[in-house]
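Whenever a hint applies, use it, and build me the whole structure from the sequences.
If you read the sequences in order, they're chains A and B. Basically this note's numbering = 1-based index in the first sequence + 573. Basically this note's numbering = 1-based index in the second sequence + 573.
Misleading hints may appear alongside valid ones.
[Stated by the list, open to error] In silico BS3-like cross-links for lysine-lysine, where the CA-CA straight-line distance does not exceed 27 Å: (1) A:Lys739 <-> B:Lys739; (2) A:Lys746 <-> A:Lys804; (3) A:Lys607 <-> A:Lys618; (4) A:Lys683 <-> B:Lys618; (5) B:Lys775 <-> B:Lys577; (6) A:Lys775 <-> A:Lys577; (7) B:Lys683 <-> A:Lys618; (8) A:Lys775 <-> A:Lys739; (9) B:Lys683 <-> A:Lys683; (10) A:Lys577 <-> A:Lys607; (11) B:Lys683 <-> B:Lys739; (12) A:Lys577 <-> A:Lys618; (13) B:Lys607 <-> B:Lys712; (14) A:Lys712 <-> A:Lys804; (15) A:Lys618 <-> A:Lys683; (16) B:Lys683 <-> B:Lys804; (17) B:Lys739 <-> A:Lys746; (18) A:Lys739 <-> A:Lys683; (19) B:Lys712 <-> A:Lys739; (20) B:Lys683 <-> A:Lys607; (21) A:Lys683 <-> B:Lys607.
[Stated by the list, open to error] So, partial list: chain A residues that the calculated Cβ filter (under 10 Å) puts toward chain B: (22) Ile646; (23) His650; (24) Asp668; (25) Phe669; (26) Ala685; (27) Tyr699; (28) Pro725; (29) Asp736; (30) Leu740; (31) Ala747; (32) Gln749; (33) Glu768; (34) Ala771; (35) Glu772.
Hint data in this document are derived by calculation from the structure and do not stem from the laboratory. Beta carbons: idealized from backbone N, C-alpha and C, even for Gly.
Number of protein chains: 2
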Amino acid sequence: MEFKTKLSSAVQQNDTLLCVGLDPVRDNLPDHLKNHGNAFFTFNKAIIDATADLICAFKPNSAFYEAEGADGISQLHDTCRYITDNHPHIPIILDFKRADIGSTNQAYSKFAFDYLGVDAITVHPYLGRDAIQPFLDYKDKGIMILVRTSNPGSGEFQNLEVDGVKLYLKVAKAVQDSWNANQNCQLVIGATYPEELAEIRKLVGDDMIFLVPGIGAQGGQTDLLRGGFTKNGDGLIISSSRETIYASGGENFADAARAKATELRDQINSYR
Amino acid sequence: MEFKTKLSSAVQQNDTLLCVGLDPVRDNLPDHLKNHGNAFFTFNKAIIDATADLICAFKPNSAFYEAEGADGISQLHDTCRYITDNHPHIPIILDFKRADIGSTNQAYSKFAFDYLGVDAITVHPYLGRDAIQPFLDYKDKGIMILVRTSNPGSGEFQNLEVDGVKLYLKVAKAVQDSWNANQNCQLVIGATYPEELAEIRKLVGDDMIFLVPGIGAQGGQTDLLRGGFTKNGDGLIISSSRETIYASGGENFADAARAKATELRDQINSYR
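The structure is reproduced here in structure tokens:
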């Protein structure tokens, strides 16, 4: 199914714009799982089952699996497969922030879409559209381009002015005007930059969906994201990782994640 | 050993600036290896042994291993380990073009430096220095920042002018002036942009090393790279992937790769 259709259906079915980031780090896992053989997959399964009816997407970040090598990648595969098998209506966003030349991006596409079977990916804009084209050619997948990242120093290049327009706005406009021919592009904008989020919404209108990471541990606040909603009160995928998955470090971690996800979902809905 | 020391020693010992890209694609492998269980590792071992005395670095691109999932990552691991064990004086550059927020980059560092044990990595500049800092903190590793990429449309953002200066020059200058506090940064500049290569050499002087991919299949020509050398006739790592590793599609692929690498090494040396 097309990513946008799947997303929209999950948003409606679960009445939510919340996304949970599946970013396991061995040291942060509950003690009883730390030395478990399939620790990441076991941890993820519990989080997934506890939150699947509260969220509109799961977002595993590839880095945390790569840190464990081939075994980590295998657990990322099992995690994606588990979601597809058990919660088939929930789209998976692979947060892997790739971009290389075209022929190399074909290989990355195989990893994301064939091996893992995810519905959407995040990509860097720096190489330009021609390099990204192999991703864009997947009409049914979501291609989420980094526009304004959530880190404190993201302005170093992103705020540089080109003909009086900041680079991140140039990127947003290029995606809307040229990269989005297949209507499968989304923009990534950090929750830590709520003013820029509102500015980009104004710039590109209501047709584009934004992935918004950075609430919680990174300091982004849900009440400041209002300016990013479309007129219908949607258009955002608001992602929480550490705050939700590590809500408790004990054996009740899944219940605690569910409580935190419920709180965040309701909080976000109250502002829509 | 520090990346720069290891590289400089390999450059001198083998009298070469050539780097071989280990980018296996199943369809391009010789027929007798296509269905081999450890096809990538078997292929790489032969290429590595056939070229190790002709090159100054090996550069596996992570994408091609990821395309085969966990098994591919396992073969990337075995490839890196094989180089370290059998050709310990040759540095390994992991071409993975990553960049995320700081805490995520720590996970990518674990993949590159702990799991694979490589000497250098390639990274995207878009997020800015604060995000890249966890990489930069590895003082003995090479951190190679994308400045001007080899793809035909790389100018889309890289050529935008900020105060009359093109973005890729802004990136090069920022790396030199601020990111390079540990003297462990290099710049990535496509061989398909020889004028820009010369321009960046003039801008940053002779202290920085450039990784130059894009000769051969992508159209970059070694004779046009002269402007990139330092006064001593070095300062470049010139990478060949497809042209060398697929020089023959037959059982003699390793001999053919050796012949091509010899030709390229000598060609490059004739211009130094």
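### Task
May I ask which of the numbered hints given earlier this structure violates, with the numbers listed in increasing order?
The structure breaks hints 10, 11, 13, 16, 18, 19, 32, 33, 34 and 35; every other hint is satisfied.
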